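Peer 1: Each chain, letter by letter, is given below.
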Amino acid sequence: MNKITNNKAWFLVLPVFFIVAISAIIPLMTVVNYSVQDIFDPQTRFFVGTEWFEQVLADRRLHDALIRQIVYTMSVLFIEVPLGIAVALTLPRNGWGVSASMVLLALPLLIPWNVVGTIWQIFGRADIGLGGYVINLMGIDYNYAQNPMDAWLTVLVMDVWHWTSLIVLLCYAGLRSIPDAYYQAAKIDGASRWAVFRFIQLPKMQSVLVIGVLLRFMDSFMIYTEPFVLTGGGPGNATTFLSQFLTRMAVGQFDLGPAAAFSLVYFLIILLVCWVFYTVVMNAGKQGEQ
Amino acid sequence: MQFQKRHIGLLLYILFLLLPIYWLFNMSIKTNTEILGAMTLFPDNPTLANYATILTDPAWYTGYINSMIYVGINVVISLLVALPAAYAFSRFNFTGDKHLFFWLLTNRMAPPAVFLLPFFQLYSSVGLFDTHIAVALAHCLFNVPLAVWILEGFMSGIPKEIDETAYVDGYSFPRFFTTIFIPLIRSGIGVTAFFCFMFSWVELLLARTLTSVEAKPIAATMTRTVSASGLDWGVLAAAGVLTIVPGALVIWFVRNYIAKGFAMGRV
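Chains as they are written, first to last, in our numbering: chain A, 1 to 290; chain B, 1 to 267.
If you're looking for bench data, these hints aren't it; they were derived computationally from the structure.
Bear in mind that the values here come from a model prediction, so they are computed numbers and not experimental data.
Please note that a few of the clues may not be correct.
To be verified - Cut-off 30 angstroms, straight-line C-alpha distance, at most; resulting in silico cross-link-like pairs (DSS-like, lysine-lysine): (1) Lys204(A) to Lys187(A); (2) Lys187(A) to Lys98(B); (3) Lys5(B) to Lys3(A); (4) Lys160(B) to Lys98(B); (5) Lys98(B) to Lys8(A); (6) Lys98(B) to Lys204(A).
Unchecked claim - Non-contacting residues of chain A with respect to chain B, defined by C-beta distances greater than 10 angstroms in every case (computed): (7) Gln37; (8) Phe47; (9) Ile79; (10) Thr90; (11) Pro108; (12) Ala181; (13) Tyr183; (14) Val196; (15) Val251; (16) Ile270; (17) Val280.
What the hints assert, rightly or not - Stretches of chain B that chain A covers, calculated by requiring three or more beta carbons in the stretch to come under 8 angstroms of a beta carbon on chain A: (18) 76-82; (19) 113-121.
For every residue, glycine included, the Cβ atom is placed at its ideal position computed from N, Cα and C.
Bound-form chain B, shown alone:
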C-alpha cells in the first residue's frame, strides 16, 4: 500500500473514532484520584486494579456471562429459523411471499420502545421474566428478519443450477441443504451470525427491561452502578472497555466480508 495524500483524511477520521475510545481505556488504567485530580494524556501510575475489581466481583462479571449466554442463544435461534426461510425466499414464489417479506422487515424497523411494556407483560405471564431465553427471544424481533434478509442476499448469489444438479443426482432436500448448500454459503452464515451477535450485544433497552437479577446484562449493570453508588469512574471505564473487547475480536474474523454484509449481501 502506497501512502497518498488522500489517506490523511482517512487517518484524521480514524483518529476521531479512536480518541474517545482511547480516553475510556486511559481512564480505566488510572486510579480515581488521578482521574479527578489532573488532566493527563497518559496515566502516571498505570494500574490494573479496576479490571481486577470487575473480574473478581460476581456482581460485575456475571453481567458478562449473562450477556454472552443470551447473545449466543439468540444467534443460534436466529440462524436456525432463518436459514430455511431465506432459502424459500431466494428460490421459490409462493402465496403471500412478498407481503411476508415486507412484514418481516417492518419488525426490523419497529422501535423497541413500542414493544417494551407488552414484552414485559408477556414474558412475566408465562414465567420467563428474568431468564436468558426471554431476552434471546425478544431480540429475535429484529435479528430474525435481519438474518433472513442478509442470508437471502447471499443465497441469491448462488446459481440455481447447483440445486437442480443435486436433485437430478438424487439428493433429497435436507441432504442437499446440509451437505452442499450450507458449505457454499458459509461466509454468508458467518456474516449473518456476526450481525446477529452485534445487534443483540449492543441492545440494552429490551434486555434491561426483561431482566432483574438472574439474567442481568453487563450493560445494565453499568448504568445501574452509575446511578446507585456514586461515580467510580475507573471501574466504570474498565467495564466499558471490557464490553468493547468481544466485538473487536469478532470483527477480526469477518473483516473481509464485513462490507458485503453491511450491504445485506446485495452488492
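The following block holds chain A by itself, in its conformation from the complex:
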C-alpha cells in the first residue's frame, strides 16, 4: 500500500510515545545511572565507569547462567516448533471442531504464569501429583525437587505444555490462508503428502513461523515466573536462568551496580535479536506484497 507522507501523523503517535516514554525511557535511564556508579546511600555515590560491566562480564556464575539459558532456549525451540507444526496440520478445517480446538489449545496461554508453575509443581510431585506418581510407578526414580536433571526436564515439559499452542495457532492461521485450489492442483499433479507439505503448506506458514520462532525465542529467553514457582532456580542452580539470576542479584542481594550493568547487557542481547526479527518480518512482508 502506498502511504502518504504527512508529518502531522506524529500527533496521532504522541500519546503512545508519551506513555511508553514514561514506562520505558525513565526506568532505563535509572538503570544506566546505576550501572556506572557505586551507591552506598543516596548521599554517598561514586562514579566507577565501566567497572561493574567488567566485573559482571567476567562473572563465572553469569557465564553458567547464560549457557543454561541458551541450551534451554534452543531445546524449547527444537521441540515446540516441529510439534506445533505437526499439531496444526491435524487440526480440523471446518465444523464445530475448529472452535472447540481453538478454545482448548488457547487455554494454557491464558493461565497466569505462576499458576502454570503451581499446576506443574502439583502435577509433578510423587506424593500428590498424577504425573510424578505415574512416573515413579513405572519404576523411574523421579523427583524434580532434588534431581537437577529431573528439574530441568520438568521445566522444559512445562514450557512445551504452556507455549506450543502459540506455534499451533500461528501455523493454523497460516494454513487457513491457503486457497483450496492449491490442494486441488496438487491432487491433479499427483503430489505426495510430503510434497504438499513442503511446497504448499510450509511456504504459506513461513511468515507466521518467523513470528512464532522469534516470539518463543524472546519469551523463553526472559523466562522467570514459571521456574521460580516450580523449582526456585534449583536444585543447586540447575534451573537458574538469566532473569532469575538478575532478579536474585538486584532484589535479593541488592547489588545495584552489577545488576544494572548486567541488565543493560541482557537488554542489548535481546535488542540485537529483536532487530534481526524486525528486519526479517518486514522483508517477509515486502516479499508478500510483490
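We have chain A already, so just place chain B on it with the hints.
Peer 2: This is chain B only, laid out in the frame that chain A set:
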C-alpha cells in the same frame, strides 16, 4: 466434521494439555486429607469447601478484584493510545516512523526483570506504589507496543479508498475515525483487547513488585500463601482454577479471530 486418523494425534495432544488442568481441578474439590492420603482419579467426597474459603475470605477474593481492576485499566489505556497511533503507522509516512515502530517493539521484547527496580523506585517516588494505576501503567510497557502492532496489521487490511471517500464526502478526521473506521475494525479491536487482557492477566513479576496490600493481585496472594502458611493444597488448587476461569470465558468470545490475532493480523 468427519473423524479421521490424524485426529488421534490432536486428541492425544489436547489430552496432554488438559490433564494437568484436570488434576488441579480435581484437587480443588477434594479435602486436604484425601489429597495427602490417597491417589484418586476422582474425588471420593467432592466438596466445594475450598471455593467457599476463597469466596468468603477478603484476603483471597480482593486479589481477584485487584487483578480485574488493573487489567481493565490497562486494556482501556492501551486501546485508547494505540488506536490513533496504529492508524498513523498504517496510513502515513512520517519522519522517524520506522525507528519509532522498532523502538516500540523493543519494549515488547524487554525482560521485565530489567525494569523491576527502576519501576519500583519511579512509582514509589511519585506516590503511586501499591495502586492499581501503577500496575496498569507498568503493563503498558509491553501491551501498548503489542496493541499498536496488532491493530496496525488489521488496519492495513482496510482499503485506503474508504478513508479517501469519507474525506471527499466531507467527514472530518475525528468523525470519520469514530463513526466509520472503528466499526470497520471492531474484530481487530476485540482481538487486541483480548491480547492486552491476556498479557496483563498472566504477568506476575511486575504486578507483585509494585504492590503490597491495597492492589495485590491474586497471583501474588497465591505465591505468598504457599510460602507463609504451609501448604493448604486444596485452597491453593481452587484459587488456581479460579484464575483460569476469566481467561477461558474471554477466549470464547474471540475464538474465531484468535488464530489471526496470534499472527498479529498479518495473515
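Peer 1: Could you run down the list of hints and mark each one as holding or not?
Peer 2: Against the structure, the hints:
no.: 1; hint: Lys204(A) to Lys187(A); in the structure: holds, 18 angstroms
no.: 2; hint: Lys187(A) to Lys98(B); in the structure: violated, 43 angstroms
no.: 3; hint: Lys5(B) to Lys3(A); in the structure: violated, 48 angstroms
no.: 4; hint: Lys160(B) to Lys98(B); in the structure: holds, 20 angstroms
no.: 5; hint: Lys98(B) to Lys8(A); in the structure: holds, 15 angstroms
no.: 6; hint: Lys98(B) to Lys204(A); in the structure: holds, 26 angstroms
no.: 7; hint: Gln37; in the structure: holds, 14 angstroms
no.: 8; hint: Phe47; in the structure: holds, 19 angstroms
no.: 9; hint: Ile79; in the structure: holds, 13 angstroms
no.: 10; hint: Thr90; in the structure: violated, 4 angstroms
no.: 11; hint: Pro108; in the structure: violated, 6 angstroms
no.: 12; hint: Ala181; in the structure: holds, 18 angstroms
no.: 13; hint: Tyr183; in the structure: holds, 15 angstroms
no.: 14; hint: Val196; in the structure: holds, 13 angstroms
no.: 15; hint: Val251; in the structure: violated, 7 angstroms
no.: 16; hint: Ile270; in the structure: violated, 5 angstroms
no.: 17; hint: Val280; in the structure: holds, 12 angstroms
no.: 18; hint: 76-82; in the structure: holds (count 4)
no.: 19; hint: 113-121; in the structure: holds (count 8)
In this structure, the hints that do not hold are numbers 2, 3, 10, 11, 15, 16, in rising order.
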